[in-house]
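Go ahead and model the full structure; you've got the sequences and the hints to work with.
6 protein chains.
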Amino acid sequence: MPHVIHNIRRPDPQLIAALGQLPTSTIHEAQGHVGAMAHTIRPVYPGMKCCGPACTVRSHGGDNLMLHKAIYVARPGDVIVHDGEDWLESNVWGEIMTTGALQRGIAGLVTSGVVRDIEPIHRKGFPIFSRGVSMKWAAKASLGTINHPVVCAGVLVNPGDIVVGDDDGVVVIPLDRAEEVLAQARAREAREVTMMEQLQAGRTTLELLGLDKLLTQLGLTEE
Amino acid sequence: MPHVIHNIRRPDPQLIAALGQLPTSTIHEAQGHVGAMAHTIRPVYPGMKCCGPACTVRSHGGDNLMLHKAIYVARPGDVIVHDGEDWLESNVWGEIMTTGALQRGIAGLVTSGVVRDIEPIHRKGFPIFSRGVSMKWAAKASLGTINHPVVCAGVLVNPGDIVVGDDDGVVVIPLDRAEEVLAQARAREAREVTMMEQLQAGRTTLELLGLDKLLTQLGLTEE
Amino acid sequence: MPHVIHNIRRPDPQLIAALGQLPTSTIHEAQGHVGAMAHTIRPVYPGMKCCGPACTVRSHGGDNLMLHKAIYVARPGDVIVHDGEDWLESNVWGEIMTTGALQRGIAGLVTSGVVRDIEPIHRKGFPIFSRGVSMKWAAKASLGTINHPVVCAGVLVNPGDIVVGDDDGVVVIPLDRAEEVLAQARAREAREVTMMEQLQAGRTTLELLGLDKLLTQLGLTEE
Amino acid sequence: MPHVIHNIRRPDPQLIAALGQLPTSTIHEAQGHVGAMAHTIRPVYPGMKCCGPACTVRSHGGDNLMLHKAIYVARPGDVIVHDGEDWLESNVWGEIMTTGALQRGIAGLVTSGVVRDIEPIHRKGFPIFSRGVSMKWAAKASLGTINHPVVCAGVLVNPGDIVVGDDDGVVVIPLDRAEEVLAQARAREAREVTMMEQLQAGRTTLELLGLDKLLTQLGLTEE
Amino acid sequence: MPHVIHNIRRPDPQLIAALGQLPTSTIHEAQGHVGAMAHTIRPVYPGMKCCGPACTVRSHGGDNLMLHKAIYVARPGDVIVHDGEDWLESNVWGEIMTTGALQRGIAGLVTSGVVRDIEPIHRKGFPIFSRGVSMKWAAKASLGTINHPVVCAGVLVNPGDIVVGDDDGVVVIPLDRAEEVLAQARAREAREVTMMEQLQAGRTTLELLGLDKLLTQLGLTEE
Amino acid sequence: MPHVIHNIRRPDPQLIAALGQLPTSTIHEAQGHVGAMAHTIRPVYPGMKCCGPACTVRSHGGDNLMLHKAIYVARPGDVIVHDGEDWLESNVWGEIMTTGALQRGIAGLVTSGVVRDIEPIHRKGFPIFSRGVSMKWAAKASLGTINHPVVCAGVLVNPGDIVVGDDDGVVVIPLDRAEEVLAQARAREAREVTMMEQLQAGRTTLELLGLDKLLTQLGLTEE
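Residue numbers (the working numbering), protein chains in the order written: chain R, 18 to 240; chain U, 18 to 240; chain Y, 18 to 240; chain X, 18 to 240; chain C, 18 to 240; chain P, 18 to 240.
Treat the hints with caution; some may be incorrect.
[Unchecked claim] Capping the alpha-carbon separation at 20 Å, the derived lysine to aspartate or glutamate pairs in DMTMM-like fashion look like this: (1) P:Lys141 to C:Glu214; (2) U:Lys157 to R:Glu209; (3) U:Lys66 to U:Glu206; (4) C:Lys66 to C:Glu206; (5) C:Lys157 to X:Glu239; (6) R:Lys157 to Y:Glu239; (7) R:Lys157 to Y:Glu224; (8) R:Lys141 to Y:Glu224; (9) R:Lys66 to R:Glu136; (10) Y:Lys157 to U:Glu224; (11) C:Lys157 to X:Asp229; (12) X:Lys141 to P:Glu209; (13) X:Lys66 to X:Asp229; (14) P:Lys66 to P:Glu206.
If you are wondering where the hints come from, they were derived from the structure by calculation, not from laboratory data. Since we're looking at a predicted model, the values are computed, not measured.
In structure tokens:
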């Protein structure tokens, strides 16, 4: 198989737009509690959000050669998802690459590694989800893959899967489940809005979720 | 003993109001360098503050059944203090529970676990001190205790103890020491204001704290 | 050798002013990928910056006696650089010390330990780079050194070396290399501005950095 | 209250001898899944075991003055249980203290800190459960408490509580529950022996523990 | 899809026997530097080894219900590979389950969680690779999957893939690559034996691996 | 300066032989509580020991090109001390390199990185002190330095400094202090033997170290 694959299946842009309106936590529940990356993947500054099809990259820890290439393999709207192992002392992305990525219309970066130049990147409005920050340099020495399946922060990501990030972290939606997950997530969102109205009106989660009954079954005693 | 205890001793609300005006670091010093939770317990966003009597909860890691119950055992003004071990990959609290807690007048949450929905929770103004953030789901499967003594982040917390949180972390004041600690903390606060005025006027901590003398005793040499 | 050395070589203030305009990541690259502290050293709040000659301090973990002394050994504009091992549960610096340091014109603190009173310190505008936050108390019991060479967060720091911190972390420039590093960093800065303009105009890092050629040499295959 | 309390209630030596025969994991289950210290507390070498009443010590991180005193407050057969916070870079115990402790008949040490001289200590047969190993020195500068309640590695330990350690970690049995826990643990041990015989004879845990029924209830599907 | 899949493709037993003779590090190199689990997965005691087809299990952190089931889904010679997230404070496997597994001829366990009863398990000769040890109890409350693809410690594992563990960690060989990897690994093993003989005879890796030439190309200077 | 320096000052072999008889903890105390590497540097198996002059190596994390070169720069009896940052997921040393190193008479390896092939290396009797174990591959792509000063695990190491490792960790003795440290360490060793005899005869550390007096001065109260 070639290192780089250019043509991948991508989801309908309307689907992406719709999923990008939903919180990651709701999506994660809607698809059955799978697809959430490890809690160590965080937005570089609070408030960052992204949603788009994954352009997947795998490289050796601390080597960003394939990420440079990926900027020119990804399509506008893509989120680059990078499995760079968990090397926290050399960054794999900075302001130069951000400039290239913004010019190409790339929607964000998710990396199991770390990044630099976070202040100017934040100012330019490019969302990054990573394991932290380091100014130390990246090597540019070894090949990896682009648009092959990768494991990033504990989740299998296929190229074209939809990646959504916000302050709760990053969740991955398999391309073939995207329509179903959107429907489930919207239904759940609606139920939660209703439930929050009921709670504000004085009802309880014990009653609404049947937890009172469960507590009784488990033998809860009170005094 | 029953799992849940409803009637606990609580401190005088004026005492709570007064302690809530003081920095946690000052309270910690005032009570003799005890009662500070581990430094890994942080506000979910900078700037969060809370102060109130502890409604204590113990549950198995990643199981939030007892926390749902606690929302309806706690009284207005209470801070829920949750020993959920140090499981960082499943949250135990989110927006739904926050909505219930705010409706009931609960003053905040301190948990040794992690939480989700942090952006809407922040917007709604509910203070949370936790070990981090994860969107992954909580189980609702096993009993624990409410208003029994718990150990949370290294500190023994009895129900009704006063819990104070700010950007320096969380400190716990035993109910019976609260008056004395308040007095000591205010005295210390006053001394520190005076000392800072003296420092601004050019005096030194070496002189004001007797450190010059101590350094000489220890045999400090200079050149 | 005496514990405390008062007279150290310091860089030209204009050099410090010039280096303080540059991002730490650029300085790190400009001096050949050395001098960056471990990624665990972070600003206490995002946005903090500092630049100045190092007044170096070494003490036993969790003991801040020598830091009190250092406030009165450091000169206006100095950054105190403190090797206090990696003890995260007792702070070594707070509001009182900050007040003294600001009165003395000290430019900031870099410590491998942790600090308290971060909210008022932030309000007063004193930059701190540390391994975290803890309200727990410091001992004042043992001697250390001031203005001897120290190792802080993995980097050898000599007194008078220039220390620069921003959201990417902290980098140390040896005093004798400062002029050369400034020149290199400015040249790099200029090249990066040009490169970013070229990227915005549609050119690629693959072309500008010769990465296309490198990928071909390494045998990259595409489809 | 005085810093040091000499007279504490201790369990019957026969009870201690009997509990010392049982695995920590069985004791932990027998007392209802409470009392296990954090998994970070490990024997210094595999195979170490201890069992005895707790002589509890609290000190500032990295300060072992109170541990020296504790060697002469503890009684033969006691296990010293030390809350020294989680400071991993300065030891609180070494060969000298071990020599004193062995001469006094002390049964072992459990500390939330770290120790040195582990090879000679191992040779002399003194069991230690700790968070690791460091050769760095301890301070001897501040008071703490002996035979007051402490929190060690997440567990409340009262003086005289029974502390048991083996390769699975450390568990604490409240003095008043010791008889009951022994009975439960022996019953559980017996049931487990029987169950392991049944398993060796070809029966399954699915059947013996009713898990088949539970899986069906939860809706398990197979193919 | 059903939760549990009974019939999976398995490799030829001779292939497994042959791969079990090879070091994990050699296999990892032979298949192109992929398939190694995170370095945090370690044998419970030094010297443990296992090799066999994966029976894959996924469960919620700290819940071992599906692992009980897996003992009776796996076939003799299988290695159970368990994605239980990275929850270090509740074990998912102990002596009872080991007894069942040994009776069924299971070849070992690899889990991203932790285990208990390690001393008797070691005595009985059952190899386990895990993230650590904890005596704390597992829940038995929620469904997961058996013989679906899982991600364990950063590696995608399909049922029937070959899993090999030794003191260097755990590596996974995709079923379809097993023959090829065996051939490559044997060739590499042979080359390494030859190279070690040459080194013992006084030749150097600089010469044998062409590193002298590479160093010269990169511009190495010596004095 | 050239990347590689061949001629360095080395200590007298008799000095090395004498220091190699002493425990690291005693040496660390004898030289005034400096020179101990971070506690995360551990022998790969318990019981490993080494002592020799440092041949210092610096390289980018996960790149072992310079270590290959160092095998042929180091002299018989040297310990290679490697600053490879704290990258835990790619090894920098294995059996091949060990074979070369043993043939050259090298006395051991201390690295801030990780290693592979630990079981055969252990069998061949080569001592390694590292941050852990990983089978993942090293890059051979970038230059570093040999026999320049390095910072390894928090300690400044100059070429020719004496490096001693045992189960308590690794300590570094500056070449110019070696004679004095040996004398102090022997004196301390003698004092400790005497003190342990006195303790076995029933005297106490409280008396022998003057701690009783210190406790009284600090105001200790007993009951």
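Cross-check of the supplied hints:
Distance check on the hinted pair: lysine 141 of chain P and glutamate 214 of chain C sit about 14 Å apart at the alpha-carbon level, within 20 Å; holds. Only pairs whose Cα atoms come within 20 Å are accepted, and lysine 157 of chain U paired with glutamate 209 of chain R is accepted, the gap being roughly 18 Å. Of the supplied pair hints, the one linking lysine 66 of chain U and glutamate 206 of chain U holds, its CA atoms being roughly 18 Å apart against a limit of 20 Å. Taking the CA atoms of lysine 66 of chain C and glutamate 206 of chain C, the gap is about 18 Å. The hint holds against a cut of 20 Å.
For the hint linking lysine 157 of chain C to glutamate 239 of chain X, the alpha-carbon distance of about 18 Å falls within 20 Å, and the restraint holds. Annotation: proposed proximity of lysine 157 of chain R to glutamate 239 of chain Y holds, straight-line Cα distance about 18 Å (limit 20 Å). Proposed proximity of lysine 157 of chain R and glutamate 224 of chain Y is supported: the alpha carbons are some 14 Å apart, at most 20 Å. Pair hint lysine 141 of chain R plus glutamate 224 of chain Y does not hold up; C-alpha atoms about 23 Å apart against a cutoff of 20 Å.
Proposed proximity of lysine 66 of chain R and glutamate 136 of chain R is supported: the alpha carbons are some 16 Å apart, at most 20 Å. Only pairs whose Cα atoms come within 20 Å are accepted, and lysine 157 of chain Y paired with glutamate 224 of chain U is accepted, the gap being roughly 14 Å. Of the pairs offered as hints, the one joining lysine 157 of chain C and aspartate 229 of chain X holds, with about 12 Å between alpha carbons and a cut-off of 20 Å not exceeded. Using a Cα cut-off of 20 Å, the hinted pair lysine 141 of chain X and glutamate 209 of chain P holds, with the two alpha carbons roughly 16 Å apart.
For the suggested pair lysine 66 of chain X and aspartate 229 of chain X, the alpha carbons sit about 37 Å apart, so the restraint of at most 20 Å is broken. A distance of roughly 18 Å separates the Cα atoms of lysine 66 of chain P and glutamate 206 of chain P; the hinted pair therefore holds under the 20 Å criterion.
The structure does not agree with the numbered hints 8, 13 stated previously, though it agrees with the rest.
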